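Asker: Chain by chain, the residues:
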Amino acid sequence: MEKDARPNWDSPMQFVLACVSYAIGLANVWRFPYLCQMHGGGSFLIPYLLMLFVEGVPLFYMELAVGQKMRLGSIGAWHAISPYLGGVGLASVVASLYICLYYNIINAWSFWYLFNSFQSVLPWSQCPVNANLTGPVEECQKASSTQYFFFRETLNISPMIEDTGGMQTSQVLCLLLAWAITYLFIIHGVKSSGKVVYFTATFPYVVLIIYLVRGLTLPGAINGIKYMFTPKLQELANPLTWINAATQIFYSLGLGSGSLIAFSSYNEYHNNFEHQAVIVALINSGTSIFASIVTFSIYGFKATVNYENCLERTRILLLNAFDLAEETISINNVFDWVIKLNASHPEQFAELGNKLEGCDLTTELDTAVEGVGLAFILYTEAIQNMPLPQIWSVLYFSMLLLLGMGTMLGNVTAITTPLRDFKFLAGVRTEVLNGTVCLVLMLLGLGFTTPSGNYWFSMFNDYAASLSLLFMVLIEIVIISYIYGIKSYIRGGAPTYQAWDKELGKTVLTNYSVFGQVFIGLLLASAVSCVPLTALHVYCRNRKHGDIKDEVRTESALSTRFTVIR
Amino acid sequence: MLGKLLFLLFLAHSSAEQLCTPGASNGYKVRLSIRTALGDEAYAWNNNEMFLFQATLAFAMRNHFDGQNFQVSNIIVCDETPRVSFWFVVTSPTNTSRLVDKDEVELAVRNSRNRINSAFLLTDRTLEFLGIASTLAAPLQPDTPPWLIAFGVVMGAVGAAFVILLASSIVQKKRKKKNTKEEDTEDMEDSDGETQAAVKRLENGNSRQEVGGISNVSFLDDERVTQM
Chain A
1 MEKDARPNWD SPMQFVLACV SYAIGLANVW RFPYLCQMHG GGSFLIPYLL
51 MLFVEGVPLF YMELAVGQKM RLGSIGAWHA ISPYLGGVGL ASVVASLYIC
101 LYYNIINAWS FWYLFNSFQS VLPWSQCPVN ANLTGPVEEC QKASSTQYFF
151 FRETLNISPM IEDTGGMQTS QVLCLLLAWA ITYLFIIHGV KSSGKVVYFT
201 ATFPYVVLII YLVRGLTLPG AINGIKYMFT PKLQELANPL TWINAATQIF
251 YSLGLGSGSL IAFSSYNEYH NNFEHQAVIV ALINSGTSIF ASIVTFSIYG
301 FKATVNYENC LERTRILLLN AFDLAEETIS INNVFDWVIK LNASHPEQFA
351 ELGNKLEGCD LTTELDTAVE GVGLAFILYT EAIQNMPLPQ IWSVLYFSML
401 LLLGMGTMLG NVTAITTPLR DFKFLAGVRT EVLNGTVCLV LMLLGLGFTT
451 PSGNYWFSMF NDYAASLSLL FMVLIEIVII SYIYGIKSYI RGGAPTYQAW
501 DKELGKTVLT NYSVFGQVFI GLLLASAVSC VPLTALHVYC RNRKHGDIKD
551 EVRTESALST RFTVIR
Chain B
1 MLGKLLFLLF LAHSSAEQLC TPGASNGYKV RLSIRTALGD EAYAWNNNEM
51 FLFQATLAFA MRNHFDGQNF QVSNIIVCDE TPRVSFWFVV TSPTNTSRLV
101 DKDEVELAVR NSRNRINSAF LLTDRTLEFL GIASTLAAPL QPDTPPWLIA
151 FGVVMGAVGA AFVILLASSI VQKKRKKKNT KEEDTEDMED SDGETQAAVK
201 RLENGNSRQE VGGISNVSFL DDERVTQM
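As you go down the protein sequences, you meet chains A and B in turn.
Our numbering puts the first sequence at residues 1 to 566.
Our numbering puts the second sequence at residues 1 to 228.
Hints may be right or wrong, so weigh each one.
[Said to hold, decoys possible] Restricting the straight-line Cα-Cα distance to at most 30 angstroms, the calculated cross-link-like pairs of lysine-lysine (BS3-like) are:
1) Lys506(A) with Lys191(A)
2) Lys191(A) with Lys102(B)
3) Lys544(A) with Lys423(A)
4) Lys195(A) with Lys102(B)
5) Lys102(B) with Lys29(B)
6) Lys423(A) with Lys4(B)
7) Lys176(B) with Lys423(A)
8) Lys544(A) with Lys142(A)
9) Lys142(A) with Lys423(A)
10) Lys29(B) with Lys423(A)
11) Lys191(A) with Lys355(A)
12) Lys355(A) with Lys181(B)
13) Lys195(A) with Lys423(A)
14) Lys69(A) with Lys340(A)
15) Lys195(A) with Lys178(B)
16) Lys423(A) with Lys69(A)
17) Lys506(A) with Lys177(B)
18) Lys355(A) with Lys29(B)
19) Lys423(A) with Lys102(B)
20) Lys177(B) with Lys195(A)
21) Lys195(A) with Lys355(A)
22) Lys173(B) with Lys191(A)
23) Lys340(A) with Lys355(A)
24) Lys29(B) with Lys195(A)
25) Lys29(B) with Lys142(A)
26) Lys181(B) with Lys232(A)
27) Lys195(A) with Lys174(B)
28) Lys195(A) with Lys69(A)
29) Lys191(A) with Lys29(B)
30) Lys340(A) with Lys174(B)
31) Lys69(A) with Lys191(A)
32) Lys176(B) with Lys226(A)
To be clear, the hints were calculated from the coordinates, so they are not data collected in a lab.
Quantities reported herein were computed from a predicted structural model and do not represent experimental measurements.
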């Protein structure tokens with residue numbers, strides 16, 4: 001009798017922290033700063049905050065309301081509202097399934113980097129030596145040591161998505177660990193998650209504050225901050241700015257995936273979620289802005305270091321080519337000397353040709369990076385130049401892990417909660433159900449540990465949950481999300497991805513092959529089609545029952561409610 | 001006589017100069033970056049330092065060729081620049097007009113590279129022999145990769161957490177079972193006593209008000225009633 005009663009959060013605080021922990025994930029750290037940079041720095045805050053209040057808070061409020069009042073997971077809740085809308089819940093679960101599959105591989109990578117931080121020399125700070133010990137490995141020399149470590153030593157990436165290979169043992173082990181910890185967190189459902197979120201929601205802030213202090217005291221940080229906050233108001237005229245603001249709010253808050261419905265279904269019936277919705281949404285946006293200050297000070301530092309290294313290389317090049325004494329050219333008058341030497345020895349200068357690289361601080365700052373590249377390549381590049389890099393590295397990757405794990409809690413709960421609501425699974429113990437879900441998802445996720453795994457990851461990241469989530473909230477609330485969301489997917493040309501070319505030592509834009517495009521179509525169709533198919537199924541079933549269909553519908557809806565609540 | 005001597009000396013000097021030219025096929029260019037390496041403690045480059053260079057290189061050649069006594073005069077230097085870079089060639093001690101092969105010089109330098117560097121307080125990067133690649137240190141391969149150790153620690157902690165959770169849930173279950181068994185036996189005793197009372201009150205009604213709710217005892221002690 002007690003087993004079937006719906007478990008609750010120990011306190012409303014746990015629920016708020018769970019929502020915060022779920023909503024504040026890696027996207028706050030690696031997507032928002034990129035959008036800020038792309039769309040004119042400080043002026044991006046205007047569409048962002050506007051969208052927060054027009055779109056974010058109302059949708060968030062609605063999802064919490066649905067979950068709390070229906071006291072069911074997404075499938076049951078939408079089915080209870082109207083049997084025709086049961087497909088919406090099912091589509092949410094499918095989207096959450098895809099998210100769970102690919103999201104934990106990021107946690108696996110974070111673990112890998114975390115474990116590799118416990119060395120006297122960080123492995124991504126120098127290129128390994130080649131076979132005959134004469135110099136660094138060629139691929140590493142053409143790219144950079146951080147890129148080489150990520151693409152070759154971590155992923156062992158293949159040239160194209162079609163080229164698969166065996167699974168990387170190191171990645172498999174890290175993925176296993178990530179799923180083991182996820183299972184440990186959700187083993188007793190909300191009873192265990194509720195305690196874990198105290199830590200996963202608060203510790204990232206500790207690290208962010210430490211990094212803020214560290215970041216602002218780095219040389220050159222101010223360049224990055226100035227660059228970010230200089231508003232370019234003409235960007236507001238660009239419709240893409242508003243579209244990106246809307247989609248960022250949408251995905252950042254985690255709307256449509258069923259996790260919020262699942263979380264709030266464990267609330268007391270009369271919990272005051274109005275205030276909680278506003279609080280969580282504000283915390284989420286505030287954290288995004290806070291994290292972007294940290295990211296931009298790191299950007300500024302990295303750009304300054306690279307710029308100074310470039311100047312040094314140019315200086316050495318000039319000294320060696322013209323055999324001048326070392327004291328003649330200092331790092332400050334490199335450019336003056338370039339002009340002087342070009343004037344006095346034009347032929348010799350021309351011979352230098354392409355060896356002479358133009359050094360420009362703005363170009364270095366302009367290298368806007370988002371996503372995995374920001375987290376694992378750019379940040380590690382900055383960290384290796386800090387004093388005591390091991391400590392900073394450990395702190396940073398622990399933060400990434402907690403952000404990722406917090407979001408995984410929500411993602412997996414979005415799947416287990418509707419499953420628990422089904423009659424035939426009501427008898428299964430929580431631990432066994434959650435364990436089976438985690439095991440199945442882990443086995444399916446092993447595909448991301450192959451050499452082409454990063455390309456599959458990118459595909460899932462771009463297509464698996466994005467359009468289907470928007471479509472679902474389109475059904476939930478029609479007008480605004482539809483116009484802004486669909487427009488960003490009507491792109492010209494075939495879908496593309498960034499493939500790593502090991503001869504060139506950089507990523508190149510490649511079209512998906514036919515196989516890849518078919519798979520993308522399947523991803524999009526599988527979630528989206530749940531809605532019309534379920535509606536069709538219910539319609540046909542009701543028509544079969546003819547005149548007594550009204551009675552049957554009311555009865556079946558009522559009986560479903562009573563059976564699952566118990 | 002003196003004129004002949006002077007002429008011969010001049011010839012020797014010029015032939016030596018002709019042996020060493022920038023871009024000589026058997027020569028190497030050397031480049032030193034003293035200020036980059038030593039900063040404020042940099043020493044000035046002068047003839048004495050050049051003498052040291054010739055001496056160290058002669059030492060390297062002697063180490064490479066067992067038995068041949070290379071002298072400082074066998075190392076011929078030319079085209080010195082303010083950068084501190086110059087060309088050098090090595091002549092054979094047995095025949096001063098013959099140059100030692102480029103490859104032999106390379107091997108000699110590579111073998112004694114550390115000693116040459118330390119003589120000048122420089123490194124492979126700041127004392128460059130253009131064309132002679134430096135032998136980099138072999139990478140240190142530990143038996144277990146360090147990441148695996150950290151992974152093992154964390155995985156062990158997770159495993160321990162699972163075991164603890166499992167053990168605590170089993171202990172809790174056993175405790176609950178013991179409690180419910182005690183309650184059951186209490187209940188049974190109670191129900192015997194209560195049945196007696198209920199039998200007496202059966203005329204008043206078939207149900208009895210308890211603290212928790214209404215318990216219908218009329219079916220409980222059916223046997224007793226029937227027997228009676």
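Asker: Hints the structure violates: just list their numbers, smallest first.
Answerer: Hints 1, 2, 4, 6, 8, 9, 10, 11, 12, 14, 17, 19, 21, 24, 26, 29, 30, 32 are the ones this structure does not satisfy, whereas the remaining hints hold.
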